[in-house]
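K.L.:
These are the residues of each chain, in order.
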Amino acid sequence: MTKIPCAVLGPGNIGTDLMAKLQRSDALELTAMVGIDPESPGLARAREAGLDASAEGIDWIVAHRDQCQIVFDATSAGAHKASAPKLQAAGIQCLDLTPAKMGPGVVPVVNLHQHLDATEVNLITCAGQATIPMVYAVTQVTPVAYAEIVATVASKSAGPGTRQSIDEFTRTTAKGLAELGGAGKGKAIIVLNPAEPPIIMRNTVYCALPADVDEAAVAASIEKYAAEVQSYVPGYRLRAEPVFDAPSTEGGWGRVAVFVEVASAGDFLPEYAGNLDIMTAAAVRVAEELARAKEVAR
Amino acid sequence: MSRDVHFCDSTLRDGSHPKRHQFTIDDVRRVAGALDRAGVPWIEVSHGDGLGGSSFNYGFSLVDEYELMAAALEEMSQAQLAVLLLPGIGTKDELKKAWDTGARLVRVATHCTEADISPQHLTLARELGYVTVGFLMMAHMNTPEGLVEQARIMSDAGAQVVYCTDSAGAMTPSQVAARVSALRAALPPDVAIGFHAHHNLSLGVANSLVAIEHGATWIDGSTCGLGAGAGNTPTEIFVAVCDKVGIKTGMDALALMDAAEDVVRPIMDHVPLVNRDALLLGYAGVYSSFLLHADRAAKRFGVSSKDVLLEAGRRQAVGGQEDLLIDIASELADADRV
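Just so you know, the sequences run in chain order F and U. 1 is the number of the first residue of the first sequence in the working numbering; add one for each residue after it. 299 is the number of the first residue of the second sequence in the working numbering; add one for each residue after it.
Worth double-checking, as some hints may not be accurate.
[As the list claims (entries may be wrong)] For each label pair, taking beta carbons as the anchor points, the in silico distance ranges come out as:
{"hint": "1", "chain 1": "U", "residue 1": "Thr470", "chain 2": "F", "residue 2": "Leu112", "range": "52 to 58 Å"}
{"hint": "2", "chain 1": "F", "residue 1": "Glu196", "chain 2": "U", "residue 2": "Arg327", "range": "43 to 49 Å"}
{"hint": "3", "chain 1": "U", "residue 1": "Arg613", "chain 2": "F", "residue 2": "Met102", "range": "36 to 42 Å"}
{"hint": "4", "chain 1": "U", "residue 1": "Gln614", "chain 2": "F", "residue 2": "Ala246", "range": "29 to 35 Å"}
{"hint": "5", "chain 1": "U", "residue 1": "Asp556", "chain 2": "F", "residue 2": "Ala220", "range": "55 to 61 Å"}
[Claimed, not checked] Capping the alpha-carbon separation at 30 Å, the derived lysine-lysine pairs in DSBU-like fashion look like this:
{"hint": "6", "chain 1": "F", "residue 1": "Lys185", "chain 2": "F", "residue 2": "Lys224"}
{"hint": "7", "chain 1": "F", "residue 1": "Lys81", "chain 2": "F", "residue 2": "Lys175"}
{"hint": "8", "chain 1": "F", "residue 1": "Lys185", "chain 2": "U", "residue 2": "Lys394"}
{"hint": "9", "chain 1": "F", "residue 1": "Lys175", "chain 2": "F", "residue 2": "Lys224"}
{"hint": "10", "chain 1": "F", "residue 1": "Lys294", "chain 2": "F", "residue 2": "Lys101"}
{"hint": "11", "chain 1": "F", "residue 1": "Lys101", "chain 2": "U", "residue 2": "Lys395"}
{"hint": "12", "chain 1": "F", "residue 1": "Lys156", "chain 2": "F", "residue 2": "Lys175"}
{"hint": "13", "chain 1": "F", "residue 1": "Lys294", "chain 2": "F", "residue 2": "Lys86"}
{"hint": "14", "chain 1": "F", "residue 1": "Lys3", "chain 2": "F", "residue 2": "Lys101"}
{"hint": "15", "chain 1": "F", "residue 1": "Lys156", "chain 2": "U", "residue 2": "Lys390"}
{"hint": "16", "chain 1": "F", "residue 1": "Lys156", "chain 2": "F", "residue 2": "Lys81"}
{"hint": "17", "chain 1": "F", "residue 1": "Lys185", "chain 2": "F", "residue 2": "Lys86"}
{"hint": "18", "chain 1": "F", "residue 1": "Lys101", "chain 2": "U", "residue 2": "Lys394"}
{"hint": "19", "chain 1": "F", "residue 1": "Lys185", "chain 2": "U", "residue 2": "Lys395"}
{"hint": "20", "chain 1": "U", "residue 1": "Lys394", "chain 2": "F", "residue 2": "Lys81"}
{"hint": "21", "chain 1": "F", "residue 1": "Lys81", "chain 2": "F", "residue 2": "Lys3"}
{"hint": "22", "chain 1": "F", "residue 1": "Lys101", "chain 2": "F", "residue 2": "Lys86"}
{"hint": "23", "chain 1": "F", "residue 1": "Lys81", "chain 2": "F", "residue 2": "Lys185"}
{"hint": "24", "chain 1": "F", "residue 1": "Lys81", "chain 2": "F", "residue 2": "Lys101"}
{"hint": "25", "chain 1": "F", "residue 1": "Lys175", "chain 2": "F", "residue 2": "Lys185"}
{"hint": "26", "chain 1": "F", "residue 1": "Lys224", "chain 2": "F", "residue 2": "Lys101"}
{"hint": "27", "chain 1": "F", "residue 1": "Lys294", "chain 2": "F", "residue 2": "Lys81"}
{"hint": "28", "chain 1": "F", "residue 1": "Lys101", "chain 2": "U", "residue 2": "Lys390"}
{"hint": "29", "chain 1": "F", "residue 1": "Lys3", "chain 2": "F", "residue 2": "Lys294"}
{"hint": "30", "chain 1": "F", "residue 1": "Lys185", "chain 2": "U", "residue 2": "Lys390"}
{"hint": "31", "chain 1": "F", "residue 1": "Lys175", "chain 2": "U", "residue 2": "Lys390"}
{"hint": "32", "chain 1": "U", "residue 1": "Lys395", "chain 2": "F", "residue 2": "Lys175"}
{"hint": "33", "chain 1": "F", "residue 1": "Lys175", "chain 2": "F", "residue 2": "Lys101"}
{"hint": "34", "chain 1": "F", "residue 1": "Lys101", "chain 2": "F", "residue 2": "Lys185"}
{"hint": "35", "chain 1": "F", "residue 1": "Lys81", "chain 2": "U", "residue 2": "Lys390"}
{"hint": "36", "chain 1": "F", "residue 1": "Lys86", "chain 2": "F", "residue 2": "Lys3"}
{"hint": "37", "chain 1": "F", "residue 1": "Lys175", "chain 2": "U", "residue 2": "Lys394"}
I should point out that these hints are in silico values taken from the structure, not numbers from a laboratory. Glycine included, each C-beta is placed from N, C-alpha and C at the ideal position.
This is chain U alone, in the form it adopts within the complex:
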C-alpha cells in the first residue's frame, strides 16, 4: 500500500496509563480488532511504561502484557504488533520474549540526553528482525543540535527510525519544526524520522502535521486520544485531517471514527482532556504519565496535585521518576505543617 506516513496507534500502550494498567483481554481484543479493520498498520501493546513496567512504581498490570499481546495478535489480520522498551526498566530478556510472542516493531526509549543506554537493545532488536525504532523522550529538554547528536547514537546502533518524542506535550509548532528538520537534515536518508505527541497544549494533531511538513514519516496517535496526560494525537482526528489535506495514511477515517466512538470510548475510565493538571504538564514540561501518580500522591498527603506537578517540573524530573512524586507530596505536606 502506498502511504505518505507510517502510523503507530498506541491506545493499548500509552492508553494503559489512564487505564491504570487495568486493560482486560476483552478490551484489547475489541480495540485491536477495530483498529486492524480500519487499516492501522502498527498497533502497540505493552504496559504503559514499556515491557517490564508492571511494578509498584508505575502500577501493576491487571493482565500480563504478553497475554494482552497474544490476544491482540489473534484479532489482527493486516496490522502488526509494536512494543515499547525503556532500558533501565525492561531488559533484553523482555525484548526476546516479545519477539517470540509476535511483536515485530520495538521502540527503544531513553530520555533525550541518554541515548547511550540504548545501543545494546537496538542492536539486539535488529538482529532479531524487529523494525527498530529509537525513541528520544522529553525532546523539549534538548536542543535540536543536542537531539541530533543523540539520534546519531541510536541510528549508529541500528535504529531505522528515530522519534522526536514530546512526552510532556510541551512543544510548540516551531520547536517541533526545528527538531524534526534538524534530525532529517543530519541523519542518513535511510533512517526515517518519527514524531510522538501528547495533547496537553491541544497541539497533538497540529504538531504532527508540522512534523510531516518537516520530514517526519512516522506518526503516533491513540484512538479517542487515550494516552497519558491529555492523551496523544487522537488517531481518528489525525486521519480525518490527513484525508482533507491529501496525506495518504492507508487508514479509513470513518472506520476509525466508529472505533473511537463505539469501541474505545466505552472502555475509558475518563475522557482525557486538557484540564488544569494536564495543561500544567505541557506548560511546565512534565512527563505526561506523572498525571495520575501526582494526583494519587497529592490525595495521599492532602496537598495540591498542581503543586506536586510544578515541583516535579522545577526539579527537572525525567520519565520514570514516578517515585519522586510521593517524595515531593510528602515534603509539601511537611512544609504545610511547619
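Pulled out of the complex, with its shape left as it was, chain F reads as follows:
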C-alpha cells in the first residue's frame, strides 16, 4: 500500500523515539521533524536521518500539509492547545501525546477503530496505556465494579509535564479505567521512585471481582490481552501469575491483582523508560490505523 506521509512536532526524547519507530512502519512515511529551536539536537538527528527538519514550528507543518497528513504532537499541553486549531483548519489529523487531552482517548487493544475520523486523538497517559488493557481483559469476562491501578515509574523518566500536572495524570488515568476499561469506577495512584539504577516501569492492576467469578477465564483473558499489547509494545510483560483473593470485608469484593512491567524497546529511550515507550508505541499503532483508513478512503 502507499504510505501516508506524517510528521513529528516536538524533537525531544519522545519525538526522537517516535522517529525511530516510524522509520519501521509500513503504513506511515515519516517526512519531517519540526521544532522551534534551530539548535535542537533532535532536529540535527532528523536531518542526519534524511528528513526535513524545520525550526519553524506548527506554521511549517500547515504550509507543508501534503507531507504532514498525520502529525504526532510531542510538545507540551500548552503548545498543543495553541497548535490544535491550526491543525484542524488544515485538515491534519493529530496524535496528541501531550497532557492536553482535547480529543477522545484511544487504547489500541480497546477502541482502535472507534475514532478513525477524529480530528485528533489522545493517548490518555502512560499508566492508562499500560493498565486499561488489563482492566478491559477482566471486564470481558466479568463485571468489575471498581478498578484501581498503581503505576511506579523511575523518577528520571517522569518529566516536568507529568510532575506539574500529577492530579490530571491520576484523574485522566482513573477516568480511562472506567470509560475504556469498563470498570464501574476507577482509581489511579502514581509513585515516582528515584532508585539507581532506575527501575523499569511497574504497574499493579487491582480489579474487584464478584464472589462467583471464573478465575481461570479471567486469567486466560489477561494472558490474551497482554499478548496483544506485546504485539506493539515488545517490553510489555506480566511479572507474575495474576493473584486472586477471595472476598473479604473490603467492600465485600474479591479481587485480582495483575503485575505488569513495561521496559522500553530501546529505540531511543533507555530501557527503564517503558512509560514513555508505551506512549510512542501506542501512538504509532493508532496512527497506522488512521493511515489505513485514509488509504481506504482514497
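Please arrange chain U on chain F, whose structure you already have, making use of the hints.
P.N.:
Chain U in isolation, oriented as in the chain F frame:
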C-alpha cells in the same frame, strides 16, 4: 499560649496503619476529645496514606475519612484539625473537601527527592488558608544538602513549615542533627522546620529532642505511639520529657498519660513495639507502613516477612509502593519452589 514547639498528634492518621484503617466514629470521638482536653494544638485525622488513601493498595477505610474528621471536630474546642495529602494518591479536590470539612493544616508529602510534584497542592493550600506544611518523607534517603534543595522547592511554593520526615524510623541522632540544622540554616527564618519520627530504632523521643536542639519547632507524635511500624514518638512520653527539660509544649503531660492509658490503649489491636520486623524497617530503611502489608503478603505466599522487608529495602522502595510487597512475596515463593 507561649510554646517552644508546635505539636501535631497523628494518632488518628498514622495510627490508622496499625488499625488497618478501621477506626470507628466512636474511636475518633474519644481520642480527639481526650487530646483536645490535654491541650494538643493540632490533631491529624485522615486515612493513614493521606486523603484519598482508601484503596485496595493501602486498605479501605471502614468509615469515610471526612466523616471521621467531622466527628473529631465536634469533640475539639481548642485543638485544630490537620490532614495529610500525598500527591499521586490524593488530589486538589480532596484538599478542598478537607478544607470545607474544617481542616486547617495540611501536610503535603512527597518522597525526599520528589518535592517538585507538590507545588500545585502547596499553592492551593495557601490560597485556601491552610497552615501549609511540606513533608519530605524517607529523609534518610537524601543528603542534608539534597534535602535542603527539595525543601526550597516546597518553601518557594508556599510551605510555611518543612518537615524532615523519618518515615522509616531509620535515622540516628547525628543524621537528624545534620539534616535539621542544614534545613534551618538554608531556609528563610519565617519558614519553620519540623521533625516526624518513627520509633523503629527506639529513637523517636531522643531524635525529636535532637531536632529541637538543632532548630526544629514542629514535632509530631502519636499517643501511646499508635503509628506505623513501631509507632511514632509517643506523645505522652515526649511531653513528659519536655516538661523535665523545660521545653514548653502547652500540653498537659498527666492528661496525656491518662489519654494514652485509658483511651488509646483500649482501642489498639496490638501495642506497637520494636519487634524483629519493626526493627528491620529502621535497620534497612524501609517505609514503616509496609510492616503489616509485608506480613500479610508473606502469609499469603508462605514466605518470611523478614525476607520481604529486606528485599523491599534492597530495591529502594519508596512510600506508596505497597503493591511491590505482594510482587516480592510471590517471587520469593517462586524462588523457593525452584
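K.L.:
For every hint, state whether the structure bears it out.
P.N.:
Against the structure, the hints come out as follows:
1. About 56 Å separates the C-beta atoms of threonine 470 of chain U and leucine 112 of chain F, a value consistent with the hinted range of 52 to 58 Å.
2. Range check, glutamate 196 of chain F to arginine 327 of chain U: about 47 Å between beta-carbon atoms, so the 43 to 49 Å window is met.
3. The supplied range of 36 to 42 Å is met by arginine 613 of chain U and methionine 102 of chain F, whose beta-carbon atoms lie about 38 Å from each other.
4. A hinted range of 29 to 35 Å holds for the C-beta pair glutamine 614 of chain U and alanine 246 of chain F, which are about 33 Å apart.
5. Between aspartate 556 of chain U and alanine 220 of chain F the beta carbon distance is about 59 Å. The supplied range of 55 to 61 Å therefore holds.
6. Restraint check: the Cα-Cα separation between lysine 185 of chain F and lysine 224 of chain F comes to about 23 Å, which is no more than 30 Å; the hinted pair holds.
7. Between lysine 81 of chain F and lysine 175 of chain F the alpha-carbon distance is near 21 Å, which keeps this suggested pair within the 30 Å criterion.
8. Distance hint between lysine 185 of chain F and lysine 394 of chain U is fulfilled; the C-alpha atoms sit about 21 Å from each other, no more than 30 Å.
9. Between lysine 175 of chain F and lysine 224 of chain F, the direct Cα distance comes to roughly 23 Å. Compliance with the 30 Å bound is thereby established for this hinted pair.
10. Proximity of lysine 294 of chain F to lysine 101 of chain F is assessed by CA-CA distance (about 23 Å); at most 30 Å being required, the pair is judged to hold.
11. As the CA atoms of lysine 101 of chain F and lysine 395 of chain U are separated by approximately 25 Å, the hinted pair is consistent with the 30 Å bound.
12. At roughly 26 Å between alpha-carbon atoms, lysine 156 of chain F and lysine 175 of chain F fall within 30 Å of each other, so this suggested pair holds.
13. For the hint linking lysine 294 of chain F to lysine 86 of chain F, the alpha-carbon distance of about 20 Å falls within 30 Å, and the restraint holds.
14. As the CA atoms of lysine 3 of chain F and lysine 101 of chain F are separated by approximately 27 Å, the hinted pair is consistent with the 30 Å bound.
15. Taking the CA atoms of lysine 156 of chain F and lysine 390 of chain U, the gap is near 25 Å; set against the 30 Å cutoff, the hint holds.
16. Simply put, lysine 156 of chain F and lysine 81 of chain F have alpha-carbon atoms about 26 Å apart, close enough for the 30 Å limit, and the pair holds.
17. Restraint check for lysine 185 of chain F and lysine 86 of chain F: not satisfied, since their Cα atoms lie roughly 36 Å apart, outside the 30 Å limit.
18. Pair hint lysine 101 of chain F plus lysine 394 of chain U holds up; C-alpha atoms about 24 Å apart against a cutoff of 30 Å.
19. Restraint check for lysine 185 of chain F and lysine 395 of chain U: satisfied, since their Cα atoms lie roughly 20 Å apart, inside the 30 Å limit.
20. Between the alpha carbons of lysine 394 of chain U and lysine 81 of chain F the distance comes to roughly 27 Å, so the proposed pair stays at or under 30 Å and holds.
21. About 28 Å separates the Cα atoms of lysine 81 of chain F and lysine 3 of chain F, which keeps this hinted pair within 30 Å; it holds.
22. For a cut-off of 30 Å, the pair hint linking lysine 101 of chain F to lysine 86 of chain F stands: about 16 Å separates their Cα positions.
23. Using a Cα cut-off of 30 Å, the hinted pair lysine 81 of chain F and lysine 185 of chain F holds, with the two alpha carbons roughly 29 Å apart.
24. Proximity of lysine 81 of chain F to lysine 101 of chain F is assessed by CA-CA distance (about 9 Å); at most 30 Å being required, the pair is judged to hold.
25. For the suggested pair lysine 175 of chain F and lysine 185 of chain F, the alpha carbons sit about 8 Å apart, so the restraint of at most 30 Å is met.
26. Distance check on the hinted pair: lysine 224 of chain F and lysine 101 of chain F sit about 29 Å apart at the alpha-carbon level, within 30 Å; holds.
27. Of the pairs offered as hints, the one joining lysine 294 of chain F and lysine 81 of chain F holds, with about 25 Å between alpha carbons and a cut-off of 30 Å not exceeded.
28. Of the supplied pair hints, the one linking lysine 101 of chain F and lysine 390 of chain U holds, its CA atoms being roughly 19 Å apart against a limit of 30 Å.
29. A hinted pair counts as satisfied when its Cα atoms are at most 30 Å apart, and lysine 3 of chain F with lysine 294 of chain F qualifies at roughly 10 Å.
30. A C-alpha spacing of about 19 Å is found between lysine 185 of chain F and lysine 390 of chain U, which places the hinted pair at or below 30 Å, so the restraint holds.
31. Under the criterion of a C-alpha separation no larger than 30 Å, the hint pairing lysine 175 of chain F with lysine 390 of chain U is consistent with the structure, at around 16 Å.
32. A threshold of 30 Å between alpha carbons decides the hint, and for lysine 395 of chain U with lysine 175 of chain F the separation of about 20 Å falls inside it, so the pair holds.
33. A distance of roughly 12 Å separates the Cα atoms of lysine 175 of chain F and lysine 101 of chain F; the hinted pair therefore holds under the 30 Å criterion.
34. Restraint check for lysine 101 of chain F and lysine 185 of chain F: satisfied, since their Cα atoms lie roughly 20 Å apart, inside the 30 Å limit.
35. Between lysine 81 of chain F and lysine 390 of chain U the CA atoms are separated by roughly 23 Å; this keeps the pair inside 30 Å, and the hint holds.
36. Distance check on the hinted pair: lysine 86 of chain F and lysine 3 of chain F sit about 24 Å apart at the alpha-carbon level, within 30 Å; holds.
37. With a CA separation close to 20 Å, the supplied pair lysine 175 of chain F and lysine 394 of chain U stays within the 30 Å bound.
When each numbered hint is compared with the structure, a violation occurs for hint 17 only.
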